Structures are given as structure tokens and as C-alpha cells.
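Novice: Read off the chains here:
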Amino acid sequence: GNSVTQMEGPVTLSEEAFLTINCTYTATGYPSLFWYVQYPGEGLQLLLKATKADDKGSNKGFEATYRKETTSFHLEKGSVQVSDSAVYFCALSSGGYQKVTFGTGTKLQVIP
Amino acid sequence: GAVVSQHPSWVICKSGTSVKIECRSLDFQATTMFWYRQFPKQSLMLMATSNEGSKATYEQGVEKDKFLINHASLTLSTLTVTSAHPEDSSFYICSASAGGFNEQFFGPGTRLTVL
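Sequence lines, in order, name chains B and R. The first sequence begins at 1 in my numbering and counts up by one. The second sequence begins at 1 in my numbering and counts up by one.
Calculated from the structure, these hints are not laboratory results. Computed from a predicted structure; not experimentally measured. Possibly wrong hints are sitting among the right ones.
Facing chain B, according to a computed beta carbon distance under 7 Å, are these residues of chain R, among others [unchecked claim]:
1. Gln42
2. Glu103
3. Pro108
Where a beta carbon is used, it is the ideal one built from N, C-alpha and C, also for glycine.
Chain B on its own, in the form it takes in the complex (with noise of 0.2 Å):
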């Protein structure tokens, strides 16, 4: 079955440092890849996705390129800043949206 596997937190860094949240997956098929991202006392929210190999998501500064020969889908931000603290989980579907299977979540800290 399908699974995802991304790097535990909490990940803590300092405003303006670079971010990098691993996040593998298994799949058949060719999946789509998302990163979700949940703000504390919110839903979750669609922060970028990819649909084919070496698509590149991107949004609000952050990117995620879709490697299907590593089968990962890392998150990558150049200088965080405080109000990116939050949640992020990684996910996949193998069916346009339906079934979406979630990583665990990786806390990050943006401290000042």
C-alpha cells in the first residue's frame, strides 16, 4: 500500500535559516504529492503540490521538487520567519484527491 515517511520534529531554527523537512514515500502507479501545513488551533491547508516527476511545487517561498528516481518530495524554504511556525505533513494520492495518506507531521519553531 501506499505510505509516506518524513522526518520527525520538532525542528527548531532561528528566523532566516534554511529549512529542509525530508519526506520519502512508497506508491504504485504514479501518486501526486502534497505538503499540507497546519497553524496552530487551524485546519490543515494546502501549501504546495507536484503531479509528475520533477514538477516543482512552490508557494509562499517554500518548494518541493517531486523526485521519482528517490521517490522523495523534500520541503524547502531559503529564510524562514517566525509565522511559518506550524505543522507540515507530507502526502500523497494516488487518485487525484481522494484517499490522501499522510505522514506524521513535522512540528517546525521558528524562534526570533
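Dock chain R against the given chain B, drawing on the hints supplied.
Specialist: The following block gives chain R in isolation, referenced to the frame of chain B:
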């Protein structure tokens, strides 16, 4: 993005009682709604998928008689945990979609604690 609400945001109940959680899509018609369960430091696990006006489709291992799902309108789905026990304590999250390949929009979740 679209807004999905859940009510209540947290609930404490006694063992053996039933608890109902509501999920509402506030500004769009949700043909499909999903219910997830999240244990501490674990993934969101899909419990069931419901399409408006149809019976829910439950994932393997989820007891349909214990977790009753109703999706009677295009803006409301309910999850009822019947005869709740302490092991049912968890964080329940719903999401809503306009169906097909449309994006899922997530609610803020409901924290259930069964004493």
C-alpha cells in the same frame, strides 16, 4: 481557500455515552466529505469517505456500527461515536471536497476525550 468548520472543537464524555461531531462546509457545496483520526505523533488515518445522500465507505478496520457517519446535505456531515470508550479518545478531523479531483479542505479538528 474554502472554509470547513467542526463542532465542537473539543469534548469530554463518560465511557458508554455517544458523541456527535459536526463538519460543515461554509462557502461551497461538499459532494464528498472525509473523516480522519489522528493519534498523538501519528499520521492522519482515513476512517471513511461519504458522498452526499449515500452510505459512507469505511476503511478496513473501522467499525461502521461504532462510527456512524451521516452526510444528509451538501454542507453538513456528522460523525457519531457510539458507546465511546477511552480507546476512542483521539483527534478527529474532517475534510470536504466538491468531488472528483477537487481539493480537500480540512476542518480544524475535534479533540475527543473519553473518561
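Novice: Does each hint hold? Answer for all of them.
Specialist: How the hints compare with the structure:
no. : hint   : result
1   : Gln42  : holds (6 Å)
2   : Glu103 : holds (6 Å)
3   : Pro108 : holds (5 Å)
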